[in-house]
Amino acid sequence: MRKTIFAALLVSVAGLMGMTSCGSSSKSDSSAAVADTVAVSSVDDILLKADSLVGKTVRVEGVCTHICAHGGKKIFLMGSDDNNTIRVDAGEQIGSFPKEVVNSVVVVDGKVVEERIDEAYLLQMEEQYKQSTLEKHGEEGAASCAADSKAMGEDPDDNFAQRMASFRKKIAERNEKEGKNYLSFYSILAEKYEQK
Amino acid sequence: MKLFGKIYFYAAAVVLLAWLLPWLYALCTAEPKSTPFTLYSCVVDDFASLTVDDDGRIIYFDRKGHHYNDAQFDSILPMFYYRQLLSEGRMPDTLRGVAIDADKIQHNNFNVRLSPLDINKTLPKLYMMLESMPKRVDLEEPVEAFRSTAEGLEFIDMESNTLNAARSREFTDVMKRKGFVFPIGRIHGNPTTMKGYDEGYVMTDSHGALFHVKQISGKPYVRAVSLPDSVKVEQLMITEFPNRRTLAYIFTADNRLAILDADYNVHKTGVSFNPYRQSLTIVGDMFHYTVKVADEKEEHYYALDASTYATVDQMVNRYADDSASWSEYVFPFKVAFTSYNDGWVYPRVSDFSAKALPLGLLLAALLFFLDRRQGKKKYLETLFVLLLGIYIFIPLVLIKKRN
Amino acid sequence: MNKAIFFKEWIKTRWYLLAALVVFVSYTLYLVLRVGNAIEFKGAAHLWAVLLTRDAVFIEPVQYLPMVFGLLLGVVQFVPEVVQKRLKLTLHLPYPQPGMVLMMMLYGLGALTVLSLAQLVAFWGFLQHYMAAELTAHILLTALPWYAAGYAAYLLTYAVCVEPSWRMRSLLILMGIGLLRVHFLLDVPQSYNSFIGSLFVFDLAALLLVLRSMVRFKEGCQD
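Protein chains in written order, with this note's numbering: chain A, 1 to 196; chain B, 1 to 403; chain C, 1 to 223.
Hints listed in this document are in silico derivations from the structure and should not be mistaken for laboratory results.
It is possible that part of the hints are untrue.
In silico DSS-like links for lysine-lysine, alpha-carbon gap of 30 Å or less [to be verified]:
no., chain 1, residue 1, chain 2, residue 2
1, B, Lys232, A, Lys192
2, B, Lys135, A, Lys99
3, C, Lys218, B, Lys378
4, C, Lys42, B, Lys195
5, C, Lys42, B, Lys125
6, A, Lys56, B, Lys176
7, B, Lys2, B, Lys334
8, A, Lys196, B, Lys135
9, B, Lys121, C, Lys8
10, B, Lys2, C, Lys8
Remember, it's a predicted structure, so these values are computed and weren't measured experimentally.
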């Protein structure tokens, strides 16, 4: 009798422990999920801390001011002004963004990606341009979409040569100031999004 | 008691007569002041004007003295008369090397009118905030208005008259982060839905720094504008023209017009303009702005290049001098309670004229010799007539005791 | 004695004051309903927009009411005194003459103040539910010169009624028209903000004209 009770107790305790651990693990999963999901940041904040966020998953909210006309694979979120704009590329899970997101507040979960433009990259772009194999997106250049240009701090009216000169100038300035001979442009590879 | 009553009576009489007599004179002698309608011509590179002569005929001419008929005048001002030219098939395809069509002209044409009355009046310090990026093409009526306090902006829902604390905090935080120091200094916006788009407000903070603030999808858009050292903002005027090339006009403390373009660059122009005393009219097209600055004495025209805002030409039209009027010999000064330049009522004493002293002397002598009384009172009244002329003479004569 | 003076004035003016009260209340209710209907049909936001973008304050219909009230109060209070030749007797009572004049004036000014204040408070009480303080102030500040005109009209009417000579009466009437006109020069809201204080003081100072007329009346001036 006592053995039965003891066994029953043992089973109960084991069961309880199992449930608790499941509960804990699910709690820790959701906690981990919560911990994984950073609080909603503004575009301004992301751009301010971008270099420390590279590779990390962030949740950013901004106004979608533009969607890429070719397939809707990228959108641009604006923060507190048009100098604080970040490109958001649709990840595999999303595929493409619907046109309705334009002029709406959008919250995006995704990884911060850094694109470095250094002299080697510029030389490669110039080579591709010469061979006319540079990805065309409307007129010319990889970032020829005006919104893209603005997000990269370019003047959308500049031609290719002017853009290259502008990049080189900025690289030189950064090198002098920070000792880094490349420019960093940050974007987000979106895993999921919500239109508000 | 009686003396104080008398003093009040005479004081009120002088003020009323100094107000009403010159007004009556102006009413009886008013003549229209007309000046030629003038625009800068991108064809002849000169100011072109039209006026009506005494026989009612319209005369077209430019500054060099060339005269035109109406068809020629249309041709030298194609940006202004483009509809007439199009209807007659005389519109050129290109002008100054630029291909043009009606849409392009219409898109770039604009008119601006600003008078001192627009600025010189008291308005409630509440500003309606439109949504600058509405879901649909048409602008939506504003639902909130904001005020500025020393701590920040306060948004009020207009329908319920309640404070929207969340939006107030959101805007205040973003503005402070961009360096805005509350309270607001100058501010200007155009909170109406009768326009193509909305650019919110341009405003200065308490240190005179300039900002552009609007609402985009319910979120604050705040852009600090870098001002050259030589530009101190006195007044602002937001511009929401179809071509979206400019964001605002800045009227500087040294009475100059500066233009804030859509890329937030400030261009100081050669236009001298005092918004408190002068009126401003700008007729703009894709090549030039014709800027007219007018006051009581003259009209000053400037032609600005529409791309660089540099002054290309200027000229002055002075109004006919009507100073040879007999009012200066009759009225020692004038009192007015209102002005065409502002929306305020208060007594203004102006147009002091020493030329009225002879009349004052004459009236004083008349009163002195006709008054049979003796004593201090007589001399005092004579002195007042000398100084205040007809304004005190009339009530003195009217209430003189009949013997 | 003061109570007796007030009671005398009350007897003279009670029916007029009752009629004036009815008119004031009616106007107030009418405007409250008008604004309330506009809020009901077009929304409060529309009213805010009109106040902020146009020179309208919604209570324009009461513009001349205080002036008319003041003028008629002066007539009701003092014409019987003069026509029925009671004023001379009043001034010969054992009471300082200026004091007598002022007490009678105080009664009229008091009645004017009570009605004007009550109307302003009623407007304020209604408007502050639907509008921000800036807009309520915008409306009420615009109305202040209209109420100041009531005081000017009352005192000038008093002076005209009591003045013994027709020549002087005519001059006072002309002066009164000019002074009252000053209160209605511009339809721009809040246009009198910087001037209303001085204007009100000048209006009240018209009691000096009343005192002068009273002295001339007692002296029997007929120039």
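Comparing the hints with the structure gives:
At roughly 47 Å between alpha-carbon atoms, B:Lys232 and A:Lys192 are farther apart than 30 Å, so this suggested pair is violated. Straight-line distance between C-alpha atoms of B:Lys135 and A:Lys99 comes to about 12 Å, which keeps the hinted pair within the 30 Å bound. Under the criterion of a C-alpha separation no larger than 30 Å, the hint pairing C:Lys218 with B:Lys378 is consistent with the structure, at around 25 Å. With a C-alpha separation of about 21 Å, the suggested pairing of C:Lys42 with B:Lys195 holds against the 30 Å cut-off.
For the given pair, C:Lys42 sits about 23 Å from B:Lys125 by alpha-carbon distance, which is consistent with the 30 Å threshold. For a cut-off of 30 Å, the pair hint linking A:Lys56 to B:Lys176 stands: about 29 Å separates their Cα positions. The suggested pairing of B:Lys2 with B:Lys334 holds, with an alpha-carbon distance near 28 Å, which does not exceed 30 Å. Between A:Lys196 and B:Lys135 the alpha-carbon distance is near 12 Å, which keeps this suggested pair within the 30 Å criterion.
Between B:Lys121 and C:Lys8 the alpha-carbon distance is near 47 Å, which puts this suggested pair outside the 30 Å criterion. Of the supplied pair hints, the one linking B:Lys2 and C:Lys8 holds, its CA atoms being roughly 26 Å apart against a limit of 30 Å.
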